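Since each chain comes alone in its own frame, lean on the hints to assemble the complex.
Protein chains in written order, with our numbering: chain A, 21 to 198; chain B, 17 to 172.
Each hint should be verified, as a subset may be incorrect.
Stated by the list, open to error - Derived lysine-lysine pairs resembling DSSO-like cross-links, with alpha carbons at most 30 angstroms apart: (1) K68(A) / K43(B); (2) K182(A) / K49(B); (3) K141(A) / K156(B); (4) K141(A) / K74(B); (5) K165(B) / K149(A); (6) K138(B) / K169(B); (7) K49(B) / K141(A).
Source of the hints: derived by calculation from the structure; they are not laboratory data. None of the values given here were measured: they were computed from a predicted structure.
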Amino acid sequence: LRSTIPRSSPENTERDVTMKTAVVLLLAACVAVASATECDTLTRLKIKAQWSTAYSSGSDREHFAQALWRAVFAQAPEARTLFTRVGGDDTTSPKFIAHAERVLAGLDIAINMLDQPDALKAELDHLHKQHVERHIPDKYYTVFRNALTYVLPAQLGRCYDKEAWKACYNVIADAIRG
Amino acid sequence: VAFCVADECCSAEDRTRVQTQWRGLWKDTQSSKIKITFGRNILLKVVEEIPEVKALFKGVNIDNPLSGEFSAHSIRILNAIDMTINLLDDAESLGEALDHLADQHQAREGVKKAHFQSFSAKFLKALPAVIDDFDNMSWKACFTGITDKIASKLQA
Chain A
21 LRSTIPRSSP ENTERDVTMK TAVVLLLAAC VAVASATECD TLTRLKIKAQ WSTAYSSGSD
81 REHFAQALWR AVFAQAPEAR TLFTRVGGDD TTSPKFIAHA ERVLAGLDIA INMLDQPDAL
141 KAELDHLHKQ HVERHIPDKY YTVFRNALTY VLPAQLGRCY DKEAWKACYN VIADAIRG
Chain B
17 VAFCVADECC SAEDRTRVQT QWRGLWKDTQ SSKIKITFGR NILLKVVEEI PEVKALFKGV
77 NIDNPLSGEF SAHSIRILNA IDMTINLLDD AESLGEALDH LADQHQAREG VKKAHFQSFS
137 AKFLKALPAV IDDFDNMSWK ACFTGITDKI ASKLQA
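In isolation and in its complexed conformation, chain B is listed as follows (with noise of 0.2 angstroms):
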């Protein structure tokens, strides 16, 4: 079952595509330390270009970046990210995993979803410099489907 969001589907193609090439970053046992530094940079990149994101992140210390704080919520992020890349061929549970962090920022006042979107262009234009041979197509059906979904409650 491809999974579909408006006209871009992430076929089973796309899904293996991006799997193997998610998968190449986390090879080594300091793949956590990748995971910390790529998601504060991305974070900081919305901020940077949506200053109202910040007030959002305050409880968990995105005033000092590289605080144990901030790295924790940076690398909790990541790995939600990574467990819907893995979970990208068992639709049904993909689809709970993805409800259940709907949920999540739903109950989050001041989120938006023009905030997912900047992650996800920031987020997309990051790749590259880390992942060899990156698929830009099938990120981008598979990645916008899963940030729209968990975007999907939110009321703006």
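Here chain A stands alone, though its shape is the one from the complex (with noise of 0.2 angstroms):
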């Protein structure tokens, strides 16, 4: 490329600066922040980006909650019969596709709510209240984490932060958990 661009003119030079930042500024996106291990406030902003783009829409969204809850039975087959009420049982069954989708929902107001310290408490009480008379055992929290380990890279490729993910899924677990 390089050698086909004639680097004599100020207008290329600036586009090649220009160039310069924009790939320097792509590759801070997905790798220099790849140490951080606590949910701060850039993590988190880095969370709500990267969640953004996994959670997509319309029928993106409906396979990405399936991959995700196959995933979550696969390591806990027996954690199925806590979800016959929704159709636990099949999870193609537009019973379950709905709780799916609610399980979801859920967790996106959670995390973009990670930059509003006042409404993420109020979401995370609410989402407290819900689970805490299910009584659900500490693993399975541990569980969809790794679940989502295993759906989020397909759907971020290598820009997915597995250590900032699991920083701020602690964040919402720990409080939901209570």
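Laid out in structure tokens, this is it:
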């Protein structure tokens, strides 16, 4: 590329700098924060951005939800019994799809509120109330996190930041568990 | 399969338009702030029209509309709408999702069909302010169908 572009004019130099900056920013977005292990302000913004890609829309979202729950039940087949009322014996049933979409909608709110502390607290309190009465064993919160680590990379490719997700997922799950 | 309520039919083309126009609102990572503001404004407009509705939202701190509680509630409503719009292509799953929402509202004493009609009207009136090329007929057919189903188990 360099050999084909005359490098003498100021316009080209400027474009060159802009392109280099763009490349650096892209790399930074994917790689530089990969060492982050706390769910700090920047990590929260990253999770929000990655989630909005992964969450997607329409039938893509249905497939994402299905993959997530298949990954949950593959790790913990016995957990299906917790979902009998919402069609857990068949993850392709309309009843279960509706449930899976509700769960993702709740997760979507929690993730989107990561940078709005008051609303985040209110939403996590709400989710805590919905879950506490079901006496869900702690290990299932880890199972769900593992399931996310299986399906998110499929949606996000190499921009998926495992450590960042783990840290911020724990913030959300710890509050839901209470 | 078209999603029909009374004479209004949400056809395949209506669904595509609604989904595309709706998706355009959530491109940005700050979309949650749009959802909160939008949801809050609609709910407050409904209360303005039907003052008795205010008491129904006491538990989510409607007295302080900017509070975390009311913000979280506003986004829950918008996300439920988002979920149903995204399920428009899957009639059976949409039916299950709406049925669940109908149960959740049936369990709330004092919620009436008229409240949903007001919400639906305010919502459809506000959308053109945020959506370019807003397609009124498609939205009316699809969205009225959604809110009617959610209100279908209410007594009054």
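Now the hints, each set against the structure:
1. K68(A) / K43(B): holds (12 angstroms)
2. K182(A) / K49(B): Judged against 30 angstroms, a Cα distance of about 26 angstroms means the pair holds.
3. K141(A) / K156(B): Violated, at roughly 35 angstroms.
4. K141(A) / K74(B): Roughly 18 angstroms between the alpha carbons, so the hint for K141(A) and K74(B) holds.
5. K165(B) / K149(A): Judged against 30 angstroms, a Cα distance of about 26 angstroms means the pair holds.
6. K138(B) / K169(B): holds (22 angstroms)
7. K49(B) / K141(A): holds (16 angstroms)
Of the numbered hints given earlier, the model fails hint 3 alone.
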